[in-house]
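Chemist: For reference, the chains in residue letters:
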Amino acid sequence: MSEHSERTSEGQLRRALSALRHDPLALTGSVVLALLVVVGVAGSWLAPSGINEVDVDRMLQPPSWSHPFGTDELGRDVLSRVMVAARVSLQVGLVSVGIALAVGVTLGLFAGYYRGWLDNVLMRCMDVLFAFPVLLLAVAIVAVLGPGLLTATVAIGVVYTPIFARVTRAGVLSVREQVFVRAAVSIGASDLRIMRRHVLPNIAAPLIVQTSLSLAFAILSEAALSFLGLGVQPPAPAWGRMLYDGRGFVTEAWWLGFFPGAAIFLTVLAFNLVGDALRDVLDPRQLTVSEARRSAT
Amino acid sequence: MSAPRTPAEVVAELNDLTVWFPSPAGMVRAVDGVSLQVRRGETLGLVGESGSGKSTTGLALLRLVDPTSGSVRVAGQDVTRWSRRRLRALRRRVAMVFQDPQASLDPRRTIGASIAEPLVVHRLSDGRAARRRRVEELLDMVGLRGDLADRHPHELSGGQRQRVGIARALAGEPDLIVLDEPIASLDLSVQAQIMNLLRRLQRDLGLTYLFIAHDLAAVEHMSDRMAVMYLGRIVESGTPAQIWREPAHPYTAALLSAVPVADPQVERERRRIILSGDIPSPVDPPAGCRFRTRCPQARPECAETDPVLAEVDPDHRAACLFAGAAVRAMRSP
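Chains as they are written, first to last, in the UniProt record's numbering: chain A, 1 to 297; chain B, 1 to 333.
Hints are supplied without guarantee of correctness; some may be wrong.
Partial pick of chain B residues on the chain A-facing surface, computed with a CB cut under 10 Å [said to hold, decoys possible]:
(1) H122
(2) S125
(3) R128
(4) M141
(5) R145
(6) P153
(7) G165
(8) A169
(9) A171
(10) G172
(11) V178
Just so you know, these hints were derived from the structure itself, not from any lab. Every residue gets a Cβ at the ideal spot worked out from N, C-alpha and C, and that includes glycine.
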């Protein structure tokens with residue numbers, strides 16, 4: 001009984017939160033994410049100086065009290081630029097994963113619920129997308145649509161759609177065989193209602209986990225695209241772009257590349273830590289594994 | 001009960017229904033030529049071993065599985081070929097209570113939301129407040145407190161959950177409720193409570209039941225008429241009194257002989273008819289009489305002729321070439 005009650009509904013959210021609080025790694029990840037969100041939202045107000053304030057007297061200054069992250073080749077404050085770029089990264093990450101989530105979950109729901117030819121057509125399309133390396137596909141899409149923040153976002157969204165479609169479909173396939181779905185059919189509920197009210201809530205856990213993990217990869221992809229000059233266009237700051245600009249100065253001004261790189265690293269790490277912790281709590285398969293381990297000892 | 005011999009209105013009926021499922025081993029003939037009628041206000045009991053096709057028969061009546069041939073009629077309409085969409089409106093008329101109340105309730109939804117679903121789907125009550133009142137009324141009808149509406153299924157006991165399943169079935173005021181092994185997964189003491197609840201509800205609300213179970217005593221206790229299924233066929237039908245006192249089919253006699261009697265004297269003298277072997281595969285049922293491979297009274301003719309359900313007494317039918325005689329032979333010492 002207690003296993004059942006632990007596994008359901010509002011207990012799940014509470015358990016997720018308490019797990020985050022008690023797991024030191026997950027707690028660290030959450031704190032970093034919280035900081036990131038604050039910086040992302042209020043970065044331009046919090047930044048000590050303007051992002052495009054050129055100061056030719058203070059070019060390539062190493063980190064100091066007045067410029068904790070140093071200055072770049074145009075004398076711009078690296079700290080301010082890293083802070084403002086956080087917004088770009090978060091925005092691209094959230095919007096692109098939002099696209100992937102909306103499209104992927106919808107396709108996965110229909111494919112898994114109706115099976116048959118629809119399933120085949122949709123999932124083979126997803127397989128085609130899935131077959132390409134993530135970055136290659138993103139670059140190809142940006143090449144077609146033209147570089148820029150919006151196209152980079154769309155490209156990353158497209159690239160991460162198949163994983164959501166797959167996770168959703170896998171969940172739907174198991175949930176649709178449950179008796180409560182048959183019960184809903186016997187009541188006369190429409191397919192859309194069954195998908196929305198019965199199937200989706202019961203596959204929320206793996207989707208939440210996948211979302212947090214995908215956010216990390218989406219942010220990494222955005223950095224890569226910007227590094228290649230296909231994302232955010234200068235002079236607007238982006239971590240990937242700053243990394244690219246700093247690569248010519250690795251020997252004489254390490255801080256140009258180090259701080260944006262560290263920002264990417266910490267962000268991705270934080271999302272992964274939180275995602276892993278959520279998986280441990282929410283994903284039933286993982287739960288049964290840990291339960292099995294517990295009962296075996 | 002209506003006067004004898006004046007047929008009451010038929011709420012639902014199956015005519016020569018077959019349901020075959022494809023499987024790697026071949027076609028599984030889950031239901032293979034079943035006809036039955038459920039009349040308003042009665043309980044028709046359907047009894048059989050697992051694999052006899054009794055649950056599939058119930059599901060076919062709701063068109064939750066598609067018939068391979070034959071017809072399904074509900075409220076006078078032939079619904080055999082109706083589309084899923086068209087069936088939705090009909091679903092209010094026939095409700096179902098499932099065997100496992102834990103599995104049949106969505107773990108993510110509150111009890112109240114589950115019970116209210118027929119009301120929402122068929123637009124039976126206006127607004128949240130009216131719906132809430134109706135849900136509390138339904139909970140009260142099945143003997144549960146109204147505040148359970150805000151709980152989730154895992155917070156309830158098995159018996160309480162099955163009461164919720166019954167409340168949900170009542171919500172749309174259906175003409176017929178299919179009870180698919182409603183007590184099989186419950187504790188013995190709770191089984192009696194649920195059966196009494198079902199009988200009380202039937203009396204108070206004039207409900208019609210198709211009661212599916214493998215427990216012969218439960219079916220006898222609940223039903224006005226009953227049918228015994230074996231390997232996708234009905235082998236005997238009649239009133240519980242007829243079948244209990246004078247079973248005409250050897251299979252029924254064997255089933256009955258396995259039911260313990262509460263009288264020690266009778267119990268000591270009870271002769272058990274032990275059936276040998278397992279129920280044959282529904283992929284490849286025996287030619288002729290399906291029961292002949294396990295029948296203690298099987299004769300050469302049984303392999304040649306597939307017996308039809310024939311009247312042995314008024315309203316009492318059996319599908320056996322030697323109906324009555326075979327049973328008498330089995331029971332004589």
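Chemist: The structure should be examined with respect to each hint, and the outcome stated for every one.
Modeler: Status of the hints after comparison with the structure:
no., hint, verdict
1, H122, "6 Å, holds"
2, S125, "15 Å, violated"
3, R128, "16 Å, violated"
4, M141, "18 Å, violated"
5, R145, "19 Å, violated"
6, P153, "8 Å, holds"
7, G165, "8 Å, holds"
8, A169, "9 Å, holds"
9, A171, "8 Å, holds"
10, G172, "7 Å, holds"
11, V178, "9 Å, holds"
When the structure is compared with the earlier hints, violations turn up for hints 2, 3, 4 and 5 and for no others.
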